[in-house]
Amino acid sequence: MAPKYKLTYFYFRAKGENIRQLLQLAGVEFEDRRIQWEQWPHIKKEMPFAQMPVLECEEGQLAQSKAIGRFLARRYGFAGSNDWEAARIDALMDQFEDFFQEIRPFYRTYNKIIEGNLDNVYETIVQPARDKHLPLFAKFLDENPSGFLVGSKLSWIDTQLADHLYTFMNYSKGDYTAQYPQLAAFKERIHATPRLREWIKDRPKTVI
Amino acid sequence: MVHYKLHYFGLYARGEPIRQVFALAGQEFEDTRYSMEEWPQHKADMPFGQLPVLEVDGELLPQSMAILRFVGRRFGYAGKTDVEQAQVDAIADQFQDYFNEFKAYFVVAVGFAPGDKEQLFNSVMIPARNKMFQMLSQILRSNGTGFLVGDSVTYADLLLSIHVAGMDGLTPGFANDYPRLLEHRQRVESIPALKHYLETRPFAPF
Chain A
1 MAPKYKLTYF YFRAKGENIR QLLQLAGVEF EDRRIQWEQW PHIKKEMPFA QMPVLECEEG
61 QLAQSKAIGR FLARRYGFAG SNDWEAARID ALMDQFEDFF QEIRPFYRTY NKIIEGNLDN
121 VYETIVQPAR DKHLPLFAKF LDENPSGFLV GSKLSWIDTQ LADHLYTFMN YSKGDYTAQY
181 PQLAAFKERI HATPRLREWI KDRPKTVI
Chain B
1001 MVHYKLHYFG LYARGEPIRQ VFALAGQEFE DTRYSMEEWP QHKADMPFGQ LPVLEVDGEL
1061 LPQSMAILRF VGRRFGYAGK TDVEQAQVDA IADQFQDYFN EFKAYFVVAV GFAPGDKEQL
1121 FNSVMIPARN KMFQMLSQIL RSNGTGFLVG DSVTYADLLL SIHVAGMDGL TPGFANDYPR
1181 LLEHRQRVES IPALKHYLET RPFAPF
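Chains as they are written, first to last, in this note's numbering: chain A, 1 to 208; chain B, 1001 to 1206.
Derived by calculation from the structure, the hints in this document are not laboratory data. Predicted model, so just to flag it, every value in this text is computed and none were measured. Ideal placement from N, C-alpha and C gives every residue a C-beta, glycine not left out. Where hints are given, some of them may not hold.
Stated by the list, open to error - Straight-line distance between alpha carbons at most 30 Å, and here's what the computed DSBU-like set of lysine-lysine pairs gives:
(1) 4/A to 112/A
(2) 112/A to 1080/B
(3) 187/A to 132/A
(4) 139/A to 1131/B
(5) 112/A to 1005/B
(6) 173/A to 205/A
(7) 1131/B to 44/A
(8) 6/A to 1080/B
What the hints assert, rightly or not - Just a sample of chain B residues kept apart from chain A, beta carbon distances all over 10 Å, derived:
(9) 1004
(10) 1028
(11) 1034
(12) 1062
(13) 1065
(14) 1070
(15) 1083
(16) 1086
(17) 1090
(18) 1116
(19) 1171
(20) 1180
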């Protein structure tokens, strides 16, 4: 029987990984179609919204990483325990998106869409953005005894933040969270979730 | 009874879609509008130091799209199935990308930053608009109900009608090449609850 879901995205993590992790956590089979950077201009015309990620499921096709993430999170129980918690998770996801937009030059430099030196972008753009945004996430963690960002169980904002931390902790060899030990511990904790631990071990290794 | 209070500026911008969901739902809410001068005193009270924030029985929810989705879903203006809800979300996210794309033009057009308004209109606004408006026209055409998702108004429709109205105010004729979108705006604005709201709401420059 064909997998229920097919995800099409670039070979790296960036805006596709959270969706892959949700499908893993949900224990559902999916086709993990990864597009190499050079293939993209040729594939673009096929894509209904001329962008990726795209999720194909029985009901049709869906674009936009957060819309896809939320759809799967709600379906499989990773979106809080009630509509208020779901909304607070959404708010943190949107805040994360604002953070991501600020550090986007790192991703664009890595993909050579813009010229630059990656170390330099890390120092002059990523680090200040980190210091502006991470304290908010740290505060949510500190105030929630469950160890998750919102509510009493793992949600799709936990996996998103943990993936972000993974990227920059690896890039900086741990230095990224030197001033945020609770976030470093958070990332270890989230990535120790059984289904995620295996996925992380076996997935293609990418810088972003 | 649940008490709703919207904290925002006296602008349409990121608050108006939320206000229009309340209007559609016939739901009363406290429409608090901060002036630029008084806002700094309240900043620290808000969860992310920004507006809009929706206060629901004393609990604070930040981020305009999270608020819009929350009230949209609660009052039934967000799609009827989980797939429709996701499609509405996807259009809302696409709007956010679109706003990010033409921000450089917008801040100059409304006087928040110096720059060559005409040059930016041609180099930034027009390409972004054409890409987005073509996609939305296509969605309207395929869906065939007159609305963007499903067969009734959702907050995706509000994001579009408010944007078309706002940009037409700034640059008359902005959507004239896209008759389907002009028609859509008329359809949404003539929904009785919205028609009444639009006739009586406080004016804002944008």
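Hint by hint, here is what the structure shows:
1. 4/A to 112/A: violated (35 Å)
2. 112/A to 1080/B: violated (42 Å)
3. 187/A to 132/A: With Cα atoms ~19 Å apart, residue 187/A and residue 132/A stay inside 30 Å; holds.
4. 139/A to 1131/B: violated (39 Å)
5. 112/A to 1005/B: violated (46 Å)
6. 173/A to 205/A: The hint holds at about 15 Å.
7. 1131/B to 44/A: Judged against 30 Å, a Cα distance of about 14 Å means the pair holds.
8. 6/A to 1080/B: Distance of about 24 Å is within 30 Å: holds.
9. 1004: Non-interface label stands for residue 1004/B: nearest chain A Cβ at 13 Å, farther than 10 Å.
10. 1028: Nearest chain A Cβ is 20 Å from residue 1028/B, so the label holds.
11. 1034: holds (19 Å)
12. 1062: violated (5 Å)
13. 1065: violated (5 Å)
14. 1070: Contrary to the label, residue 1070/B does not stay out of reach of chain A, its closest Cβ about 4 Å off (not over 10 Å).
15. 1083: At about 4 Å from chain A, residue 1083/B fails to clear the 10 Å cut-off, so the statement is violated.
16. 1086: violated (4 Å)
17. 1090: violated (4 Å)
18. 1116: For residue 1116/B, whose nearest Cβ neighbour in chain A is about 22 Å away, the distance exceeds 10 Å, so it holds.
19. 1171: Nearest chain A Cβ is 25 Å from residue 1171/B, so the label holds.
20. 1180: The claim stands: residue 1180/B keeps its Cβ more than 10 Å from every Cβ of chain A (closest is about 18 Å).
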